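Chain residues, written in single-letter form:
Protein chains: 4
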Amino acid sequence: MVLLEFSMSPLDKGVSLSPYVARSLDIIDKSGLPYQLTPMGTIVEGEWDEVMALVTACYQRMSQDCDRISTSMRIDYRAGKSGRLKSKIEAVEGRLGRSLSK
Amino acid sequence: MVLLEFSMSPLDKGVSLSPYVARSLDIIDKSGLPYQLTPMGTIVEGEWDEVMALVTACYQRMSQDCDRISTSMRIDYRAGKSGRLKSKIEAVEGRLGRSLSK
Amino acid sequence: MVLLEFSMSPLDKGVSLSPYVARSLDIIDKSGLPYQLTPMGTIVEGEWDEVMALVTACYQRMSQDCDRISTSMRIDYRAGKSGRLKSKIEAVEGRLGRSLSK
Amino acid sequence: MVLLEFSMSPLDKGVSLSPYVARSLDIIDKSGLPYQLTPMGTIVEGEWDEVMALVTACYQRMSQDCDRISTSMRIDYRAGKSGRLKSKIEAVEGRLGRSLSK
Numbered sequence: 000m001v002l003l004e005f006s007m008s009p010l011d012k013g014v015s016l017s018p019y020v021a022r023s024l025d026i027i028d029k030s031g032l033p034y035q036l037t038p039m040g041t042i043v044e045g046e047w048d049e050v051m052a053l054v055t056a057c058y059q060r061m062s063q064d065c066d067r068i069s070t071s072m073r074i075d076y077r078a079g080k081s082g083r084l085k086s087k088i089e090a091v092e093g094r095l096g097r098s099l100s101k
Numbered sequence: 000m001v002l003l004e005f006s007m008s009p010l011d012k013g014v015s016l017s018p019y020v021a022r023s024l025d026i027i028d029k030s031g032l033p034y035q036l037t038p039m040g041t042i043v044e045g046e047w048d049e050v051m052a053l054v055t056a057c058y059q060r061m062s063q064d065c066d067r068i069s070t071s072m073r074i075d076y077r078a079g080k081s082g083r084l085k086s087k088i089e090a091v092e093g094r095l096g097r098s099l100s101k
Numbered sequence: 000m001v002l003l004e005f006s007m008s009p010l011d012k013g014v015s016l017s018p019y020v021a022r023s024l025d026i027i028d029k030s031g032l033p034y035q036l037t038p039m040g041t042i043v044e045g046e047w048d049e050v051m052a053l054v055t056a057c058y059q060r061m062s063q064d065c066d067r068i069s070t071s072m073r074i075d076y077r078a079g080k081s082g083r084l085k086s087k088i089e090a091v092e093g094r095l096g097r098s099l100s101k
Numbered sequence: 000m001v002l003l004e005f006s007m008s009p010l011d012k013g014v015s016l017s018p019y020v021a022r023s024l025d026i027i028d029k030s031g032l033p034y035q036l037t038p039m040g041t042i043v044e045g046e047w048d049e050v051m052a053l054v055t056a057c058y059q060r061m062s063q064d065c066d067r068i069s070t071s072m073r074i075d076y077r078a079g080k081s082g083r084l085k086s087k088i089e090a091v092e093g094r095l096g097r098s099l100s101k
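Residue numbers (numbering that gives the first Met the number 0), protein chains in the order written: chain P, 0 to 101; chain A, 0 to 101; chain C, 0 to 101; chain S, 0 to 101.
Worth flagging that the hints you see were computed from the coordinates, not collected in a lab. One thing to keep in mind: the hints can contain errors.
According to the in silico footprint, chain P covers these stretches of chain A (three or more CB under 8 Å from chain P) [to be verified]: (1) 32-39; (2) 63-69.
Now the in silico label distances, taken between C-beta atoms and shown as ranges [as the list claims (entries may be wrong)]: (3) C:E89 with P:S98: 38 to 44 Å; (4) A:A52 with C:R60: 28 to 34 Å; (5) A:Q63 with C:G13: 29 to 35 Å; (6) S:E46 with P:D64: 29 to 35 Å; (7) P:S86 with S:S100: 38 to 44 Å.
Keep in mind that this is a model prediction, so the values were computed, not measured. The C-beta atom is built at its ideal place from N, Cα and C for all residues, glycine as well.
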């Protein structure tokens, strides 16, 4: 299982990107994969092929009407681990012995 | 004001990184800057110089006992906007007309 | 066409990563897609599906014997443009009116 | 010593970014630090404080006339190693026993 964080934005649509981001989130939300929207991107958990198919679906939608698109992804694979949308944060809080802003 | 997301990990300490991440979070939590811990990094809001000083403090601590460190940062600057840890997510939810996983 | 830059590293194999990077470069070099190896990653040009298939092939090879893998990608899509491994640098040099370190 | 790769682009200036990238490259080229321009960013080698000061100088210039700026950075610190703009590529080529596209 992997955690994938990605951010995908048009460069040819000015500074207000939320209409384009909202279309991607609609696709992600309906995919059924566990995810978390953050102020800087979206984090999805799944098998490699599942999360890549999801990013590809968002790209296909965005490239229908955007001529330049910038995408960044970071992927954290750990063999045999799932549920890490929650467990990674809990591990850090457990180490510190206190709750953090999340 | 900028939103900065960063992730900083030692490459020479095996697969269990939470002890090192916890030390960074201790520095961030005590900085007084608004932040959000996510499963893939930490997002901080502040002036450019403030957030860079914070990342530098985390690096200085980690390089005391780690010989190889990988850091990634993404920074979103928007003139005259603050409070974006919340407002960026609200803008997307407002567009979609429904609440998302966050 | 897109330019994709990616970097894929095991986190459970210590600080000397070149054996693992070399295996990925072997796959990339044999793919036939135009690419450029840099000190921080590899840049490949192709259609979205081509470059994604290549990253997936590298991941499949690495996950055979690595239990934790960190990957980062940045993708620059521009409708109707190819040959950008060279043209993006030339555009910057043309603007400055002088040659740069590359 | 660190290798820093960064890419800094305005989001409010349309799709042709080379005028803005060229101004950053002018600053980098005159800094005296060893660097390499790639199709996806610029890689600089130096001490942490040196490379951060350089990115900050580029940001200060760009924010004079750009209202939204997206920046990504990746930093690879390895204790006691310099000259890695060349040595990292040579290590991969040495492993493979052949020359690669660079």
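Here's how the hints hold up against the structure:
| no. | hint | result |
| --- | --- | --- |
| 1 | 32-39 | holds (count 7) |
| 2 | 63-69 | violated (count 0) |
| 3 | C:E89 with P:S98: 38 to 44 Å | violated (52 Å) |
| 4 | A:A52 with C:R60: 28 to 34 Å | violated (40 Å) |
| 5 | A:Q63 with C:G13: 29 to 35 Å | violated (19 Å) |
| 6 | S:E46 with P:D64: 29 to 35 Å | violated (45 Å) |
| 7 | P:S86 with S:S100: 38 to 44 Å | holds (40 Å) |
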